[in-house]
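What follows is the residue order along each chain.
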Amino acid sequence: MALVLGLASCGGQDDNSGESGNPITIGVLGPISGAFADAGLNYRQGAQIAADQINARGGVLGRQLKVEAKDTAAGPQEASQAVRDFVSSGTNFLIGELSSANCLADAPLVDQLDAVFITGICSVEELTGQAGQAAPYSRTFRAGATSSANIVAMADAIGRRFPQVTTYDSFAFDYVTGHLQWDQYVQAYADNGKPITVGKDLWVPMDQQNYGSQISVLATASTEGEHKGLYIGTYGAGTASFLQQAEPYDFLKNYEVVVTPGGYYPVARDLNGSAPLVWNGYEYNWAAYDTPENDAFVADFEALAGKKPITWSYVSYVAVLAYAAAIEKAGSDSPADVAAALAGIAFASPQGEYLIDAVTHNGSANIVLMETEGDPNDPERVRMLETIVIPYTDTVTFNF
Amino acid sequence: MSDHVLALTGVNAWYGHAQALFGLDLTVDAGQIVALMGRNGAGKTTCLRSVMGIEARRSGSVQLAGQPIEGLGVEAIARRGVGWVPDDRRIFPTLTVRENLQLVRGIAKRQGRQPMSVAELVEVLPIMERLIDRKGHALSGGEQQAVTIARALVGRPQILLLDEPTEGLAPVIVQGLAQSIAALPERHGVSILLAEQNLSFVRDVAERVYVLDIGRLVFAGDTAEFMESPELQERYLAVARSSGTNHG
Amino acid sequence: MNQLLSAVINGVATGVPLFLVASGFTLIYGVMGVLNFAHGAFFMFGAYCFAVMLAGQALSLPLFLLYALGAAAVIAVLGVLSERLVFARLYNSGHMINLLAAYALMLMLIGLSILIFGTTTYHVPRPSPFRGAVHIGTVPVPAYNLFVIAAGLVVAAGLWFLLNKSGLGMKIRAVAHDRTTARALGVRAPLVGMGVFALGCALAGLAGALDSPMISVAQGMDATFAIQFFVVVIIGGLGSTWGALFASLLVGLMESLLVYYAPAWSQYGMYILVVFVLLLRPQGLFVRGPAITHS
Chain A
1 MALVLGLASC GGQDDNSGES GNPITIGVLG PISGAFADAG LNYRQGAQIA
51 ADQINARGGV LGRQLKVEAK DTAAGPQEAS QAVRDFVSSG TNFLIGELSS
101 ANCLADAPLV DQLDAVFITG ICSVEELTGQ AGQAAPYSRT FRAGATSSAN
151 IVAMADAIGR RFPQVTTYDS FAFDYVTGHL QWDQYVQAYA DNGKPITVGK
201 DLWVPMDQQN YGSQISVLAT ASTEGEHKGL YIGTYGAGTA SFLQQAEPYD
251 FLKNYEVVVT PGGYYPVARD LNGSAPLVWN GYEYNWAAYD TPENDAFVAD
301 FEALAGKKPI TWSYVSYVAV LAYAAAIEKA GSDSPADVAA ALAGIAFASP
351 QGEYLIDAVT HNGSANIVLM ETEGDPNDPE RVRMLETIVI PYTDTVTFNF
Chain B
1 MSDHVLALTG VNAWYGHAQA LFGLDLTVDA GQIVALMGRN GAGKTTCLRS
51 VMGIEARRSG SVQLAGQPIE GLGVEAIARR GVGWVPDDRR IFPTLTVREN
101 LQLVRGIAKR QGRQPMSVAE LVEVLPIMER LIDRKGHALS GGEQQAVTIA
151 RALVGRPQIL LLDEPTEGLA PVIVQGLAQS IAALPERHGV SILLAEQNLS
201 FVRDVAERVY VLDIGRLVFA GDTAEFMESP ELQERYLAVA RSSGTNHG
Chain C
1 MNQLLSAVIN GVATGVPLFL VASGFTLIYG VMGVLNFAHG AFFMFGAYCF
51 AVMLAGQALS LPLFLLYALG AAAVIAVLGV LSERLVFARL YNSGHMINLL
101 AAYALMLMLI GLSILIFGTT TYHVPRPSPF RGAVHIGTVP VPAYNLFVIA
151 AGLVVAAGLW FLLNKSGLGM KIRAVAHDRT TARALGVRAP LVGMGVFALG
201 CALAGLAGAL DSPMISVAQG MDATFAIQFF VVVIIGGLGS TWGALFASLL
251 VGLMESLLVY YAPAWSQYGM YILVVFVLLL RPQGLFVRGP AITHS
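Protein sequences appear in the order of chains A, B and C. Here my numbering is used: the first residue of the first sequence is 1, the next is one more, and so on. Here my numbering is used: the first residue of the second sequence is 1, the next is one more, and so on. Here my numbering is used: the first residue of the third sequence is 1, the next is one more, and so on.
One or more of the hints may lead you astray.
Some chain C residues near chain B, calculated using beta-carbon distances under 8 Å [to be verified]:
| no. | residue |
| --- | --- |
| 1 | His177 |
| 2 | Thr180 |
| 3 | Ala184 |
Note that these hints are calculated values from the structure, not bench results. Ideal placement from N, C-alpha and C gives every residue a C-beta, glycine not left out.
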């Protein structure tokens, strides 16, 4: 195995090991095609902003940073191949992925191939250490929130804001994470001593977007004034389809609160001003932080992409900042040294000081709770009514 | 002499790498009925398909009324006035007989030829009268044969290519067909190249006979001459003794 | 009873765009012998073109229809280009080569769509008369769904008329049955083929435009229908337009009814239908005898 690796790294073009002067490449894994292509695009753009800013300040160890991306939309097999292709061409610092299935395929492979991987969006708990336990993968780090941290923070905040809502209907993607998150949401209320009852729970397959039948069921299941909540466990194009198909029935007004874990801002933006009022919890929105680092990030991102950054852009940005800090701290670009430096690193970020725990490999991701609705008069067609930042230190105290 | 409706000169044809015709020379004069005879697999159908442009690889010259057609596509050749009646009939099953005819009528009109009316067709093939509104899949073998001929005739082609029209037909129907076919050149000005194995049918309708044997022309002459030589008939038409029926 | 009515209408409304896509696909196969794997991509392109043309505005009905037909026309042109550049050279190369070529075309079209339209989701508003729901008794039914059903019936009727009552339809049927004989009668089969390809793709594009207010117009849209319209042509029979209509409605209804009465089975209903059809009548419900032969 070592012989093969040795031969592979000898053949590489962008060889990360060796003379200074050569750029250091960050490999972005994520969907470039398919229904979540927007995620891959935002990952690349977020990473690019970080690289540009760092390069403008002289780079890392005097070397420029380069960003390259590979498409992993097709699933874990394509993801594994992308990891191998990156490593064999000398790119050992990887970030990204959207699907937890991909992350679970990448993590052991990254350990095997002497590379490093930082994920922001994969929310499955098993990628990093939980409840203080050691990280299961020596080379995988998380610069984002776990699923349970996100859900529990949301449940707590929404529960306090809407104490009368004790029944929920749910409409969610029928897959492992979808079920897991819904269960966590319900459990969180029970753990807080305010259990909720489940009204209708509807599950839809991830790869099709025709929800007419399910929506008819929901539309007739609720009436105004019942103090009900709606949990939308879809995301991206799925949520957009749901809202589009729900529009003629006009039944969202029957719910006192509509919540969705994960991103809502890009969906609202695409709905061109007609997005309904929804609460969501995710790692970032552009108005969450009033810091010079955030202002610079938002301005640079808007200049590159023509729109405001979203969580997908932010976590990639943070991941590249993490690598830059770790490489500087290690004083070397050998993956083993960088991984050792990442454990326990602290660096400046738009949310303030960002930490990666030395034992668990978890990042100090805040949860940002947002109340958002469409606004035809806004340049991005979205108005953010309220933003609540739940600091990482508060999320850590919840039971997992 | 130069009044050939159809002239093949040095025509070779291949199926893949197997050569099926070797340097074939053949002519049909205006108003003639010419028969092409030979065993199964001798190359009769290949010859007709080569004229029609259906076979992929061929060389040599094919001229229709003095104009070369060997480089043209199938539909172009058909539009110039070549009517093809294949040996497996090939009726369009879900089209009615009327629609089968209508298909060709429209095309003929656009080529400036006045198509034959149903009445004229019935005159040639009386059986057509009661078939006109039937769907293709509801016809018997003999009826399909009549329709296929009618369909090739309706556009008033210069020449009709008939491939084994009597195959599988009852003798009394064959008789009627011979009468209809024989009258065609005189009544409607159409010449005919007829591939056939039925000796008496050929004797009743054709003026000249070409005989093919394994892709080569082995006899060209008047029908009478061929009919009076049992030895020629035996040599080129009879079943090979040793190995049973020849199929090719 | 209320739920049943709602389910039926939803099912039929789902089936109509499926029918439009499947009918184009089955027409192309029936006449050209080409399994146009890229058909879902034409559907997606139609939706994208339509979304870009509308630029987020809610239009009046006549304008909406005009733009939808415009999008269909653009896709027809795209179809003709694909036919000329890709399939025209491969007609005699057998099914496998054609399938690979269609797959390659699909990948190219997807890549092209990312280049042209980007990765964001486009929002297409319903036309202004059809934004809300009508009530049939106490059952709310989106008005736009009823419009789509009506549009689908009009297209089905038009298609039937074209294929069975027009001169062009006769030529199309002749070429579908027996290309060589049709050519030997003077029918310009290559032109007919091009026309059929254009029509088939136009139908897919129209389906994309009509469906766009109901689903997200974004990457991955082509995959939405991919499995479903293949299932439809298996059930209805390759080459049969009636089969496509019947099977589309059947698939739409089945899924819709299962969601109401047996949600756990809703994703599998389609495949159960396929199993039954393949066991009992493998050529499809509307195709007579063995599969169509081409020569």
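Do the hints match the structure? See the list:
no.	hint	in the structure
1	His177	5 Å, holds
2	Thr180	6 Å, holds
3	Ala184	4 Å, holds
Every hint, counting from the list given before, is met by this structure.
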